[in-house]
Structures are given as structure tokens and as C-alpha cells.
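Peer 1: Here is what each chain is made of, one letter per residue.
Number of protein chains: 2
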Amino acid sequence: MYSIVFIGMVRGMGAPAPNGDGDPRWSDLSARARIRDTALRHYAERGYAATTIRGIAAAAEVSPALVQHHFRTKDALRRACDAHVLEFIRRSTAQGVAGGGIADPGFVDAVHRQAPSLLKYLARAVGDGFPGADALFDEVAAHTERHLAAAVTEPPAPGVLRARAAVLTAMHLGVVAFGGHLSRALDVDTLSAEGLPVVGAALLDLLDPAVTGPGLDDLARQGLTTHRAAGDGAASGP
Amino acid sequence: MYSIVFIGMVRGMGAPAPNGDGDPRWSDLSARARIRDTALRHYAERGYAATTIRGIAAAAEVSPALVQHHFRTKDALRRACDAHVLEFIRRSTAQGVAGGGIADPGFVDAVHRQAPSLLKYLARAVGDGFPGADALFDEVAAHTERHLAAAVTEPPAPGVLRARAAVLTAMHLGVVAFGGHLSRALDVDTLSAEGLPVVGAALLDLLDPAVTGPGLDDLARQGLTTHRAAGDGAASGP
DNA sequence: CACTATACTGTACATACGTACAGTACCGGA
DNA sequence: TCCGGTACTGTACGTATGTACAGTATAGTG
Chain F
1 MYSIVFIGMV RGMGAPAPNG DGDPRWSDLS ARARIRDTAL RHYAERGYAA
51 TTIRGIAAAA EVSPALVQHH FRTKDALRRA CDAHVLEFIR RSTAQGVAGG
101 GIADPGFVDA VHRQAPSLLK YLARAVGDGF PGADALFDEV AAHTERHLAA
151 AVTEPPAPGV LRARAAVLTA MHLGVVAFGG HLSRALDVDT LSAEGLPVVG
201 AALLDLLDPA VTGPGLDDLA RQGLTTHRAA GDGAASGP
Chain D
1 MYSIVFIGMV RGMGAPAPNG DGDPRWSDLS ARARIRDTAL RHYAERGYAA
51 TTIRGIAAAA EVSPALVQHH FRTKDALRRA CDAHVLEFIR RSTAQGVAGG
101 GIADPGFVDA VHRQAPSLLK YLARAVGDGF PGADALFDEV AAHTERHLAA
151 AVTEPPAPGV LRARAAVLTA MHLGVVAFGG HLSRALDVDT LSAEGLPVVG
201 AALLDLLDPA VTGPGLDDLA RQGLTTHRAA GDGAASGP
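Chains F and D are the protein sequences, given in the same order. Going by full-length UniProt numbering, the first sequence opens with residue 1, and the numbers climb by one from there. Going by full-length UniProt numbering, the second sequence opens with residue 1, and the numbers climb by one from there.
Derived by calculation from the structure, the hints in this document are not laboratory data. Source: prediction; values computed, not measured. Don't take every hint at face value.
Identical copies carry no separate label here, and so any pair may be met within one copy or between two of them.
Capping the alpha-carbon separation at 20 Å, the derived lysine to aspartate or glutamate pairs in DMTMM-like fashion look like this [to be verified]:
# : residue 1 : residue 2
1 : Lys120    : Asp134
2 : Lys120    : Glu45
3 : Lys120    : Asp75
4 : Lys120    : Asp208
5 : Lys74     : Glu139
Use the sequences and the hints to build the structure in full.
Peer 2: Structure representation (C-alpha cells):
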């Protein structure tokens, strides 16, 4: 699941503006969608408590009362964001694993535009422990566990495998959650076209090849090289 | 630095109560220390914005005005927590690398008592980007980079090494930040005597042996086994 | 045209928060 | 004994926040 979004991000690189005011399509969005996206960004960047309805309204260029009109309360707005993220990830995964999804330009474009905020929101939500984060973390961990089971040659005890998957999930979320520091320390935007291969390569270097799986390892490295050369490609471990 | 704290935590296992009201020594602490420790815990668990002075005062069983008396403002209180954490980690590192520190029961006990909140606070602070978090992250990353440079046989380009160190740091912080989910998913307290070896072993399994370094790898695995058998030992990668 | 539902705004209110301030208890030194 | 400083508390105040509510405009429908 996570890898699909990541791959989608990499392959979608080169398209313009991320979510935000600079996007020409921004004003075309319905006010409701604009509020939701803005809330998503604010929650992801500042956390729930530090986010104010008035702040969201100002950033979305609507009145605070309109926020309340569309989403009754602040908490309901957060639940709407949760649902939006879950639905997005689920759809991305479905389309991605189906095979055709990644090739669809519209799909890739949508993923790459939203993914950074969504991933940050995901990490923040899981870290802050919002209701339902448990199930979400477990879902991602289960996905990772299936990947690990397929990649490793001699399967270890189930408990060991689950532990590895959970820890690997936490580590991946760490890369997302602390992506800001990564970007600053490496002096390159981690979520940009030139930054993602750097992080991807480091991930591949750090993780045991048996974890990423021989096939994926080669594929990813090749994709990274291609991407670095031509400005397009797929990357990242599980 | 990070590894030292981790090792200290493992070796300190078996001691009782974590930080909190149940500790008999709790009431013996000065009110100022009690306020600071409580604030540390609240900041770590809820984040800065969601933490209130009144909440801290209630948990520390003092009046809100006393909090203001000792630490002038909420922000100054946070800075005091920052300084406390930094000083603690710095001291832990110094004593840890010196060798004798870890053997000191009092030191180990203090690490164990404080480390869970301290590490969570660290991850939260870095994630929330408090002033100075940049330098802190870079410091930990630099420490990791030195470790990586020593562990790897054929040194890669400096940029690659720095990227690896930064990503590895983010991943380690992820394990800490999402430790709550790890504990729940693995059905064992990640910071307890039986949980730490599980996480440590998973880390060693996931990371490339060249990253952990051959010496440390063997040593850690041996320590984990010993710990699992006798209830004492050292663990964890860089 | 009349009517209704929906999108949207301005204002108002109760609450909770950080902070300031006056005042009390206690404790060590002159 | 007095007395100054420190620890500590109760109360009050300004502000920001979430939310409720009344009201306006606009589009769709009979």
C-alpha cells in the first residue's frame, strides 16, 4: 500500500505545483473540497490542537462559518479528512496493484499532487493516535508483512515476521514524519523529483537485500538510475 | 548517542515503576522537578499545543500559578524541558561511551525511569520542529554517520553516507515515535524487558549487516540472547 | 412568479487558555 | 525576635477558540 503511493509519487514527478494556493485548479475546486484539503494540510503540518478553524478558513479563503456549515464541528472535519485519506490510499492501492493504475497519467498525477500532504497527515495521525489509527497502522503493517513474506527465502517464525513488519512500518513512517528534517539535512526536497531517488537509494542501501527482495531491489535500483538520468522511473522498497 | 540511551534502557530493565504518580520517590522530588517531569510527559504524549499549564499543574498536584512561578511562561517551560533532555542525553552519552556509566545502577535506573518519556519527547520535539530541533537532528545524524563510516568496509561518497545517516536517523526516530503502535501490534511493551529484544532483533534483521557493522551485529545478537535468557544484556544497532 | 433548499456571511456567546497580581505560609539568617 | 526571601495559592483579566444562530444571496423547481 505504502509502496504504491511512493511509486506513484516518483513516477508522477515533473508535473507542476503541489497542493496549495499556487495551483491554478485551486480556485476551481468546490469550497468544500478546498476546506477539506486545507484542513488536511494544516493538520499534517501543525497537528490537530494547533490547527484552528479560523486558520483553515483564512487559508481556504472562506468564512469560518462556512467551515462549520459543511463540516459541523472541528472533530467531524478531522474525521472527514481521515475518511478522505483512507479512501485515497485504498483506491491508490487497488488501482496500483491492479497494474493499470500506475500507467494512467491522471491517476499518477492525482497521486503525486496529493501524496505529500496525505502521507504527512497519515504519519501525524498515526503518531497522535487519532481514533482508527490503530487499524490503519495494522493495515499498513499487514501489507508490509505480506511483502516481507514474499521477499524472504526462508520464512522465519510468524511472530518474528510480524515484528519485522511492524518495525519496518514504523521506520517508513519515520521517514515520512521527519521528512522535513531529511530535506533540510540533505539540502534537497525529499518529496521532489531529485530528492526521492536520494532517499530511495539510501533506503535500499540501509535495508537488508533479503528484506527488499532480490527482484524489487534490482528493479528499484534500475528505476532509480533511469529516473536520475531521464527524469522518470519507479523507486523505493516495500 | 541514540544507541547509548537504547542500551541503557535495555540494561536497566527489571526496575519497577515508570515515571508517574505511582513512584514512591515521586512525592520526594521537588515541586519544580515534578512540574518539569510532568510537562515533559505531557508534551511527549500530547504535543505542545494540546498541553495546558492547568493540566500539568493538576497532574503534578500543584497550583497552576506555581508552574508560572518556577517557569515564567509555557514556552519557557518547554525550553527548560528541551535543556533537560539535551543535558540528560549528553550525560548519558558521555557516561555510556566511558563504559562505567552503564554499570552504575543509579544511572541505569534513572535512564530507565526517564528514557521512555525522554525519547518520546525527543521524537515529538523533532517532529514538531521546535527551535533547536534542526541542530539536534543533525547532531544525532552526525553521530550515526560516524558510526556508519566506521562500520562499512568500503566507504561510499560522502553525500551518500550523509544521506544514509539521515534516513537511518529518521527511521530510528520513527521506531520511537510510533512505539505505541509497535507495542500494541506486537502485544508487548516495546520499552519493557521483554519488548526491547523483540524490536532490537527485528532491527538487526531488517538492516543490512554492513550498516550495523559485523562486530556490533554479533555483539548485539549475543547480548539479546543473553538478555532473553538471564534478563540482562545489551542490544540494538546504531 | 412563488417557494425551497443550499451556499455562504457576520455576529454573538460560553469556555478555556496563558498570564498577571496580590496575598499567605514557611524558613534561614541577622 | 525581626525580617527578607522563597515557595506557593486564589483570583482576576484579556484573548483566542469552538460553536450557535440569524440573516442574505443564489440556484433549482413547481
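Peer 1: Each hint needs a verdict: does it hold in this structure or not?
Peer 2: Cross-check of the supplied hints:
1. Within a single copy, Lys120 and Asp134 get their C-alpha atoms as close as 17 Å, and across copies as close as 18 Å, so both meet the 20 Å cut-off.
2. In this homomeric assembly, Lys120 and Glu45 come within 20 Å of each other (Cα to Cα) both inside a single copy, at 7 Å, and across copies, at 19 Å.
3. In this assembly of identical chains, Lys120 and Asp75 lie within 20 Å of each other by CA distance solely inside one copy; the values are 19 Å within and 25 Å between copies.
4. Taking the shortest Cα distances, Lys120 and Asp208 never come within 20 Å of each other, neither inside one copy (26 Å) nor across copies (27 Å).
5. Taking CA atoms no more than 20 Å apart as the test, Lys74 paired with Glu139 passes in neither setting, with 26 Å inside one copy and 38 Å between copies.
When the structure is compared with the earlier hints, violations turn up for hints 4 and 5 and for no others.
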